[in-house]
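Here are the chains, one letter per residue:
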Amino acid sequence: MGEVLRHAWIVAKKDLLLEFRSRTALVSATVFTALVLTVFNFGRDPTAVATIDLAPSILWVTFTFAAMLALNRAFQLELENQALEGLLVAPISRTSLYWAKFFANCAFVAVVEAIGLPLFVLFFDVPVGGVLLPLVGVIALATLGFVAVGTLFSAMVIRTRFAELMLPVLLLPFFIPPLIGAVQVTARLLEARPLSEVSGWLRLLAAYDIVFLTLATLLFPSTVME
Amino acid sequence: MVRAEDLRHSYGNVWALDGITFALVPGQTLVLFGPNGAGKTTLLKVLAGLIRPAGGRASVEGGARAVGWISHHSLLYGQLTVRENLLFWAALYDVPRRVSAARAADLLARLGLEDRMDLPVRVLSRGQAQRVSIARALMHDPHVLLLDEPFTGLDLAAAAEFRGLLRELAGGRIIVLATHNVDEGVELATDIAFQSRGRFVHFAPRAGRGPSDIADAYREAVRDG
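Residue numbers (the numbering used here), protein chains in the order written: chain A, 1 to 226; chain B, 1001 to 1225.
If you are wondering where the hints come from, they were derived from the structure by calculation, not from laboratory data.
Computed from a predicted structure; not experimentally measured.
Among the hints, a few may not be true.
[As the list claims (entries may be wrong)] Label-pair distances were calculated between CB atoms; the ranges are:
#1 A:Thr160 <-> B:Asp1183: 31 to 39 Å
#2 B:Asn1181 <-> A:Leu215: 41 to 49 Å
#3 A:Ala107 <-> B:Ser1125: 27 to 35 Å
#4 B:Arg1122 <-> A:Trp9: 51 to 59 Å
#5 B:Arg1126 <-> A:Leu172: 34 to 42 Å
#6 B:Ala1023 <-> A:Phe20: 27 to 35 Å
#7 B:Gly1062 <-> A:Lys13: 20 to 28 Å
#8 B:Ser1059 <-> A:Leu215: 56 to 64 Å
#9 B:Arg1126 <-> A:Leu215: 35 to 43 Å
#10 B:Pro1026 <-> A:Met1: 50 to 58 Å
#11 A:Val136 <-> B:Pro1035: 56 to 64 Å
#12 B:Asn1181 <-> A:Ala140: 48 to 56 Å
#13 A:Gln82 <-> B:Val1014: 19 to 27 Å
#14 A:Val136 <-> B:Val1014: 28 to 36 Å
Each residue gets a CB set at the ideal place from its N, CA and C atoms; glycine is no exception.
This is chain A alone, in the form it adopts within the complex (with noise of 0.2 Å):
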């Protein structure tokens, strides 16, 4: 297990620098979340709907496509030059290449988001002081889902054609029961209901991370083989 997750870290590592180094998908990722947001904002009449009943929704519609321009990138940076050729011939395992991709995205994710939610809050002005705590951990844990999926996922699309477009149509649907979670829980922590009254969602979302992190980890060696 240690030399798995070295050889993941060493990996990760190079993809973080790759993605320092170039600000390519990070500043996408970003300027969209910001898009999203503004026009959200702007395109809403606040005296139809409350701010606090959609507000929880478009976070998560937000934190959801952001986060699929990201996992998008995890396997295309090693199709320059063929990379990913070089790293199934190194003697590491299937695993901790897909442990490498599944942190480095976590840390993409988790960029974007920081950025996204001072933003999300700023433009719907929705009360999250005394809930901002849950409310990160909530954001870490429905991410932590998505991007395990993604992350299996775009391996599987990166050598087909038109594989942008693919990731989103394969992923959606198995990203639908951690979206209501998100939103649910999220929804409530904004009203300041008491946590106990989501605590199903909250192990959906947990069983969620569990089950489909497991599950990548053993699909993800035969997605890779050529």
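Using the hints provided, position chain B relative to the given structure of chain A.
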């Protein structure tokens, strides 16, 4: 030792490998000739563990750690410097940092790229990137070198330089080099194979044959095969 036993693999109904069997010991350099689509790359990918063959068995003594893989793609990251690329690949093979830093400097000096060490790979020419790719494959001092069309993109001088380096590396190592160009690599070979439609139509020691003899035998074998 590198061993292939009755390897079979197909893409749809096209055979890329059709009963290929051979064994190589250290010191042997097998140069594999064949037209496009003959299955040379598939054979190398099976030996490298990139493709699981539909039938038969391939083994490399020492496993993945013993293999150095060079293809016509550089397998390098354009945004990273030459040094960062080499250290990254060495780390994946568990080469200690101190050793890999010294080895990177040595290999780049031998390949005439010591002054490119801190440049991002994206600014290098195709030939320079290919030379860095050669250094990448040698960073973990592999016992087996698998080379798929490695001369692609190299000019005459760089190709000659690369052949010299391979000659130097050949002692004590096993090298399998695939190319469709008979003029490339003949002089490096201890053994020659011609592959056509997934089969070895000729597999024999080079036995002093020159490029023109090989070219004649190749044309004949591929036509008949």
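(message) Tell me the numbers of any earlier hints that the structure contravenes, in ascending order.
(response) Per hint list: 4, 6, 8, 10 and 14 violated.
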